[in-house]
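**Student:** So you can see what is in the structure, the chains are spelled out below.
2 protein chains.
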Amino acid sequence: MAVYTEVDDAALEALVAEYDLGRLLSCKGIAEGVENSNFLLVTEAGPHILTLYEKRVKAEDLPFFLGLMQHLAARGFICPTPIAGRDGRALRHVAGRPAAIISFLRGVWPRRPTAVHCAGVGAAMADLHRCATDFGLRRANDLSLAGWGNLLRSCQSQADAFSPGLSAELTRELEALQAAWPDPAALPRGVIHADMFPDNVFFLENRLSGVIDFYFACNDMLAYDLAVALNAWCFERDGAFNVTKGRALLEAYVRSRPLTVAERDALPLLARGAALRFLLTRLYDWLNQVPGAMVKPKDPTEYLQKMRFHREVANAAGYGLEYAP
Amino acid sequence: MAVYTEVDDAALEALVAEYDLGRLLSCKGIAEGVENSNFLLVTEAGPHILTLYEKRVKAEDLPFFLGLMQHLAARGFICPTPIAGRDGRALRHVAGRPAAIISFLRGVWPRRPTAVHCAGVGAAMADLHRCATDFGLRRANDLSLAGWGNLLRSCQSQADAFSPGLSAELTRELEALQAAWPDPAALPRGVIHADMFPDNVFFLENRLSGVIDFYFACNDMLAYDLAVALNAWCFERDGAFNVTKGRALLEAYVRSRPLTVAERDALPLLARGAALRFLLTRLYDWLNQVPGAMVKPKDPTEYLQKMRFHREVANAAGYGLEYAP
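Going down the list, the sequences are from chains U and W. The first sequence runs 108 to 432 under the working numbering. The second sequence runs 108 to 432 under the working numbering.
It is possible that some hints are incorrect.
Which copy is meant is left open, so a pair is good if it fits within one copy or across any two.
Unchecked claim - Simulated pairs of lysine to any residue, SDA-like, Cα-Cα distance not exceeding 25 Å:
| no. | residue 1 | residue 2 |
| --- | --- | --- |
| 1 | Lys405 | Ala117 |
| 2 | Lys405 | Asp115 |
| 3 | Lys165 | Val223 |
| 4 | Lys165 | Ala152 |
| 5 | Lys162 | Pro404 |
| 6 | Lys165 | Thr278 |
Worth flagging that the hints you see were computed from the coordinates, not collected in a lab.
Please take these sequences and the hints and turn them into a complete structure.
**Tutor:** Spelled out as structure tokens, the structure:
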């Protein structure tokens, strides 16, 4: 949860006056998301989200993120759409930060994901990958293999204090992934969401009603997005992988975009990599807590267990996907 | 800011089904308020606030708080109104906590209050005092003189570590207030808000659009409510009292309910008491921070300076109120 930046009521009224949204009626900080400051902004035109981009989002990436949302929404993918002011621009500055007013999406994120939710996520992810094929901008995944090495180096000296033996295990894991990571040309690539966790997917009565938070989106292997989602959606709270949920997610995906044999075989490796990525960012946040900060860091241990699980999986069948005859 | 309690999406849908509000469309935690968990709940009937009452609010006080809001709203005072479910009840349980769905109030609280805002607050406070005169329930002010003694005792041993000499100053101040505090019969009494801070008063384009957060409301001297508001609205960020704001607030109040001479004379004493009350609760919260808690405690020092200021004020004229000829 996070609201980092206060917005003056006078600044708010001035902002809203730059749009065709009628008068400002209400603005409340939202206790969701940890990267940006989000506000529920109600005007005579209805509810919208006002996002102030804090320092973890690079200003030079914003045209990619906002452009992607506009591109996807124009193709019928349900995601927040940046609203243009009367000057035609969606991106502007509020309280010294880049900011945008974004359309409000109906739905509630599932606190206890079921197989039905997982199927919804798989189908939506395939839609996203398909709708983004003709998006013109590119953004490298700065939290892929090279980024993990940097993160590991910055955590290494404190890792064993967090959990004895962790430093050596992370080093071995990173080396194994570096040796085996797929060649850029080996697997289909495109724009991925890269952070499709339950709190970024909304549902209404079990029907997926939208996907939010594109601020990690980038160009990478499409199957890596599935690997992130398997980690985020298909483990139970006790750490066990739920193969029914895995099957639901993967089968819904392959109905729209069949996986190549190379993708099916690479899935455990990609899932290990995705687990390492979230383990490292959580470990970094855990070790670098700001005293008095309003964001409670998430426990890295959860992703250590997931990473270990994936080491024992042979291919996508281990996640429940039945190979077509 | 606070969202303490997570509400399950299934529990939410079950809750909304108990009301005539149509289907659930969205629910987001609000990063405002520190006592309760608040959510912006959007249904087909529009936006509402879902409040889960956390441990600082006593369950036995809820009929007073909810009843007061219903009473005031029925008399045209603009405040949130508890919504009754189809069974006629407004108070129910969600996630193991007492909970209520409350009407959504338009407006934005002023980040930089002006004299215009202060005049709005003075007028609204007089309206509140008037509308509440025939409210049938009673609630003692547990954060008045006796409560301050308890708070001081629980902070005393650590007060000097926070600020050298603070323990003795607080003891002297409490003793002075105990010696001089008005007799219950000496000043007009009634239901007061007791926490009318800027973040509890909404405005739309400089017009007051509503008052929220009645969870400190109680029966006490009406002028004590003014004393709380003078502290909360009329000091500048550098600690100086702004007599223009004080005058605006008090004159707007007395246009609806003139102050007795005893009230005018007691105002500095009541303002010292109100400053001590917020100084003590802030000091208590400061000294009892929960590591990793999502609420950032407010600096007690601000109220120490205010308390010292009020000691030098002779009567309401010191706050800008001109005595009628």
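**Student:** Against each hint, give a clear statement of whether it holds in the structure.
**Tutor:** Results for each hint:
no., hint, verdict
1, Lys405 - Ala117, "between (36 Å within a copy, 24 Å between copies)"
2, Lys405 - Asp115, "between (31 Å within a copy, 19 Å between copies)"
3, Lys165 - Val223, "neither (35 Å within a copy, 40 Å between copies)"
4, Lys165 - Ala152, "neither (30 Å within a copy, 39 Å between copies)"
5, Lys162 - Pro404, "both (17 Å within a copy, 24 Å between copies)"
6, Lys165 - Thr278, "neither (28 Å within a copy, 52 Å between copies)"
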